[in-house]
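**Student:** Listed below are the residues making up each chain.
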Amino acid sequence: MIAEFVHLTVTGVLVASLLALGAVGLSLTFGVARFANVAHPDFMMLGAYTTFAFNSLIGVPLGWAALAGIVAALLVGVPVARIAYDKLPVTGTVQLLIISIGVSFILRHVVLFFFGSGFLQFAVPLQRPYVWGPVRLTPYQILTLVVASVLVLAVHLLLSRTKLGRILRAIADNPVLCEISGADVGRARLAMWAIAVLLASTGGILFGLNLVIQPNMGWDLVIPIFSAAILGGIGNPYGAMAGALVIGLVQEWSTLLIPSVYKEAVAFCAMALCLMFRPRGLWGAA
Amino acid sequence: MTEYLIALATIVGIQVLLTLGLNFHYGITGLVNFGHVAFYALGAYASALLTLAGVPFLVAMGAGVGVAVLASLLLGTATLRLGEDYFAILTLGFSEFVRLLLLNARELTRGALGIPGIPRPWRGLGGVPDHIMYLGLVLIAVGVAFALCEVLARSPLGRTLRAIRDDEQAAMALGKDVLRFRLTSLGWGAGLAAVAGSLWAHYVTYVVPDQFTPEITFYTWMAMIIGGPGSTRGALWGTAILVAVLEGTRFAKDVMPMIDEPRLAALRQVAIGLGLILMTVYVRKLGGRSRPRVAPATVSG
Amino acid sequence: MKLDRRQFLATGLAGGATALLGGGLARAQAEALRIGALTPLTGGGAVYGTTMSRTYTLLADEINKVGGVAGKPIQLFTEDTQTNPDAGVRGARKLVDVNRVHAIMGTWSSAVTLAVAPIAVQARIPQFCVSSSPVISTFKDDDFLYRTAYSQAVISAVYATTAQSLGFKTAALLILNNPYGIGLGDSFPDRFAKVGGKVTGKVIYNPNQSSYRSEIQQALAGKPDVILFGGYTPDGIQVFKEWFQLGLGGTWMGPGFAFDQKFIQGIGAQAAEGIVVVEGAPNLAATAYKNADKLFRAAHNQDADFFAAMAYDHLMVVSLSVLAGKGDTSGDAIKGQIRKVSNPPGKVVGTWAEAAPLIRTGEKVNYEGASSSCDFDENGDVQTDFGVYRIKSGKWALDRVIKFGELKTS
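Residue numbers (the numbering used here), protein chains in the order written: chain G, 1 to 286; chain A, 1001 to 1301; chain F, 2001 to 2410.
Don't take every hint at face value.
To be verified - If you want the footprint, here are the derived chain A segments under chain F, 3+ residues with CB under 8 angstroms:
1) 1106-1113
2) 1138-1147
3) 1265-1271
Source of the hints: derived by calculation from the structure; they are not laboratory data.
For glycine and all other residues, C-beta sits at the position ideal for the given N, C-alpha and C.
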């Protein structure tokens, strides 16, 4: 029983590390751009596919392919986000939300057009795990945990220690005041999209490293990633990290009590329940 | 061809009911409901299960409406106090939650096996061919729903809902119980969606959870946006155009044979995404009515 | 570019007009065997639908090159079900009402098949599906619904017999939450108990999850000898990968369409070593399969998999039936010929080149399909022998054959 609990906890943390890379970026863009970008998880898919193209099609070793893939995802994702969300003549959050659904449709099916709908894999061998009692982790899974932690820490440092971070936080608090005070909001938003796409595409690559990739992989993550971001208090990147951890753990722990087919529903219920008592999330501005 | 047009008209009619429901939510009241398909699914399943248990069609449909309205009230009570983005994502999650329940409550719904053999009501009555009979039934439902929506939109209720949509603070200041009115709106829209679900279940005679994915919700949003949110009449022709475009693109490949089928299918979805964006940007009614977001700090201050 | 609603209306109407025109064009070409290929080209089943759709095109081209069926060229109308019953219904309506197809083929996933079936039955045209839910056998179809995949009720007996013969005493099930997986989960435990086995764990999983680790752990808690997998290739690779990465024990067993070449490539030959594969037996040796494989390899540089083989069979059976009916393309006529051309007795054939001359001279043929022997029973199901394979060095190696007659399926 304890072994099983430990195992589920490890699984939950693994799931959380992938969710966090999506949820932190989502939360950041929500705070600054003030709308829920449904296409955000599709940036994960984008990173996975660009990496796949370099790795499996061109034959670049995975490490370099991942770097090239992230750059390619930035070159595609950031302009898409800038045009669709910053340049179109719309203002309301609902319009942007609907536009993001359109963007999600387009990204997914453009990838489907070029790569087909089938699952694909990076050219990496299957690994056996290191076994420490009930804890079983492969080298790639450990790499995933490390990369996710490093990136999340980097975002923390960026937000708290740099000028860009201060501007982003200022926009999130009060965009009008920020603009009046002379900050370059346009450039800050560009940086924000770049950070979001960077985090998401890295998450997508780690996902592909451990599992398989499909055009729908981003769409399938919409609800867990949003749950994590909302639970953490949407617009609050720190909360998103914690939210991802809660979602990952609750989802996996729940399988001890109820059939695992309900585990996605459990994540949703956790979020709904939390919002009933804390309408701005666990770590939202209160 | 005639049969195809009859089938299309039936599909359009059922979709119109869905659009009218969503128009009630978003167009009239400003509720960003991204889980519309949940009410559609509940209406379909309740009606299908009850009819197969021997309950008359209209009673079963009524029960479906009851279930959907009840679900909408529960959902609304839990979520309507939250910001509109939260509401949007929560409703989306709710619709997936409902689908998971239908998929896994196997004792009741047969889960992934689905429910085949749902009877069509009044089959062969008066010697009218089945599909024409059913189209008539759908058209009556649309007519009633349309009249109801027009009446409600012009009634004091409709006026209050629009007032809440345009300026929540002012409506509150006038002593309106905003939450209660929003719940009422949610219920009406959910009821219409349930009627659509019931009609769909008895039309295709088979329901399965796979039918009730969020895509239905998004298509309904597109239909409403094309027609112009807030306009009852717009819901009619917005839906007609949507179905014409969705079905019309099927014929594109009869004219464009050089791309292979799977790729063409992908392009079709890209076009749908692009269409959604362009409609949102260039259909003015939607653009002219955005509530300024209030910064979190000021609310909780 | 400001587009107002009036312009949108105009665009919509133009689209509608194109639709009507397209329909008219299709109808003008009356002298053709019109086939509705209704497969998933997007959505969850897209992998299989794409393969099937391509196979229909290849075989239709091959037959058309030698003059078509009884002088009628095969005209394909392809529709995308989007792996969604609603879209499937709309596609089927278009195929039936506008294109006036003589047969529908390729519906994948039992949900889509059962949603489309009432339309085919009402139009009195045959429908060929690749779904495996037992419900399809008993569906009231007026004998218009056929399937080339075997029913889960049959395959469970095969798995049980296989497990017993390989000396496995305990089994765990890892099954996908769809009619096929559920059907397997419902029927296997009893079958296995009848041959003295015990199911120690059964976990149903939802598709497209970001991790299956907890499901795997749960299913394998009883340390079973054999892990019976009831899913498809994509989720199969994911589940297998995570099982492997957990370093847990047990031998895997499952259907050939899940443990196909793509699967073996996906996980690597080394990891796949020893997996038990159960699949319809005769197909690889049949000329039908060899021809399907040749066509598919030439066009797409890939093996013809189980779904390509089934698609090949659908179009072959319908074409042969129309030829045997002297070009009569009505649904009732086709239906009347299906068993005559595909069931014994008769000369065994597998390709159009083999079969057509014989049928023209009035000889009785028995079509031996690419996916199975294609002998349709009274429910429109095929009865097939099964081969049990073990994966050795990345290839299936035949272990033994289980005859349909050996199975106690009732």
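**Student:** It remains to establish, for every hint, whether it holds in the given structure.
**Tutor:** Hint-by-hint comparison with the structure:
Judged by the Cβ-Cβ criterion of 8 angstroms, the segment 1106-1113 of chain A is covered by chain F as claimed, because 4 of its residues qualify and three suffice. Proximity of the segment 1138-1147 of chain A to chain F, defined as three or more residues with a beta carbon under 8 angstroms from a beta carbon of that chain, is not established by the 0 residues found. Requiring three or more residues with a Cβ within less than 8 angstroms of a Cβ of chain F, the coverage given for the segment 1265-1271 of chain A holds, as 4 such residues are present.
In summary, the one numbered hint that this structure violates is 2.
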